[in-house]
Every structure is written in C-alpha cells, then in structure tokens.
Amino acid sequence: SSGINAEYGGCYFDSKDDITLEKSVVNKHRCDSTKKHHCSLVLHYPTAEISRELKREGVYAGFVEPQSGKGVDIAVAILNYFDEHAVDYSKMQVLGCDGTAANTGQHEGALAHIQRCLKKPLFIMVCMLHHVELPLRKLFETLDGPTQGPEQYSGPVGKLLKSDVWNLEIQPGFDFKIDCENFPVLPAQTFAEMSNDAKYLYRICRAV
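Numbering (our numbering), first residue to last: 3 to 210.
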C-alpha cells in the first residue's frame, strides 16, 4: 500500500482461519487446499488534521500470516510487518481488535505481547459488537445446536428451513408474537447516557 512508511497513531487488526489454495508440492499442475491463519491490518493516522488533509482516516495495510492463531504468533507477525515496511510507531497510541482471548489475554494475548515489545502502554479499543454477538450466538447454539455451515443448521428448528433461508418469503398472515410483557422500558435520560452499542442492543430487543 502507498504511504506505509509514515507515522501512524493506531493499528487495528482482525484475524481468522481461511481455506487457501496452494500449488501442490507433488504435482505442480494441481492446487491443494490448506488452512492458514490470516490477519488483516488497518493503520490509522495520528491526528484528525492529517486525516482531513489526506481525505481518509487511514490505510488498509494488507494482511499477515501468523504461524497460528495464538496471541504470541499474531503479535510476532504484526511486529515483523512493522519492521519490514518501515512503519513508524513512535506516535502509535491505539491498538484495536475483537475480544477473543488470543487478542486480549492478560499475559499471552497479542495486545500484551505487542505492548511489551514496543515498551509502552497503548490504549486498547475492543469491538463491542463482537461482545453483543457472542451471547446471541451462544443462546442460539443452546436452543438449536451449532451451525454446520453458513446456511446449514444441525438442530430441529434449523432443519425445518430446507431452502435458502435468505430467500424465504414472510407469509402475509403470519402473526409473530413473543410473550415478553415485562421487558423494561428505559427512561429517555438513561437511554441517552448509554453507549451506541448498548443502544443498538436495546433497540434490537425492543423490536423483537
């Protein structure tokens, strides 16, 4: 990416296991699928003035391939990227990621390893939408079992949806009701003081 060798105020990353095609070591005309851990990086400019001048808040730096999904391997891959691309992190103040243990572990998380290597504490921004998603996913898995793919279910409720769930039509006469008469209605002042993520969760629950 252009402008990588510049000063940055923050680094945000997200990682996952991907199925990648690679040339076979046995047959050069064939590709084999293998699972690799990919970590995407976004670098954020240190000041709002620079963001306005360049008309963007940061750059997508690309991705790195940690040896595993462990915190130490993620941290090593990110720090190696900094060195290889001459990323000036002297003004870096923020690290951002989701709340998985591999990232946020007190001693062995990627955040902890990066701060120790940079020899300075940084502000940590953890995605709250990830926290909102996890309880809902756990509830669904408890009630209906884990999913078997992006559009496949293992439980009795999910198996009733034999077709593509994204293309199902809502029946005109369907009367959807949930017995939740005691759901609290928050005062306007309390709602105004909530974070955006908490407001979003509250609106979802109220809508249901």
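Heads up, a few of these hints could be off.
Said to hold, decoys possible - Think about it this way: if two alpha-carbon atoms lie no more than 20 Å apart in a straight line, the pair counts; the simulated SDA-like pairs of lysine to any residue are:
(1) Lys93 to Gly71
(2) Lys38 to Gly71
(3) Lys93 to Cys119
(4) Lys37 to Pro48
(5) Lys37 to Glu51
(6) Lys122 to Gln108
Hints listed in this document are in silico derivations from the structure and should not be mistaken for laboratory results. Computed from a predicted structure; not experimentally measured.
Verification of the hints:
no. : hint             : result
1   : Lys93 to Gly71   : violated (27 Å)
2   : Lys38 to Gly71   : holds (9 Å)
3   : Lys93 to Cys119  : holds (15 Å)
4   : Lys37 to Pro48   : violated (35 Å)
5   : Lys37 to Glu51   : violated (41 Å)
6   : Lys122 to Gln108 : holds (15 Å)
Of the numbered hints given earlier, the model fails hints 1, 4 and 5; all others are met.
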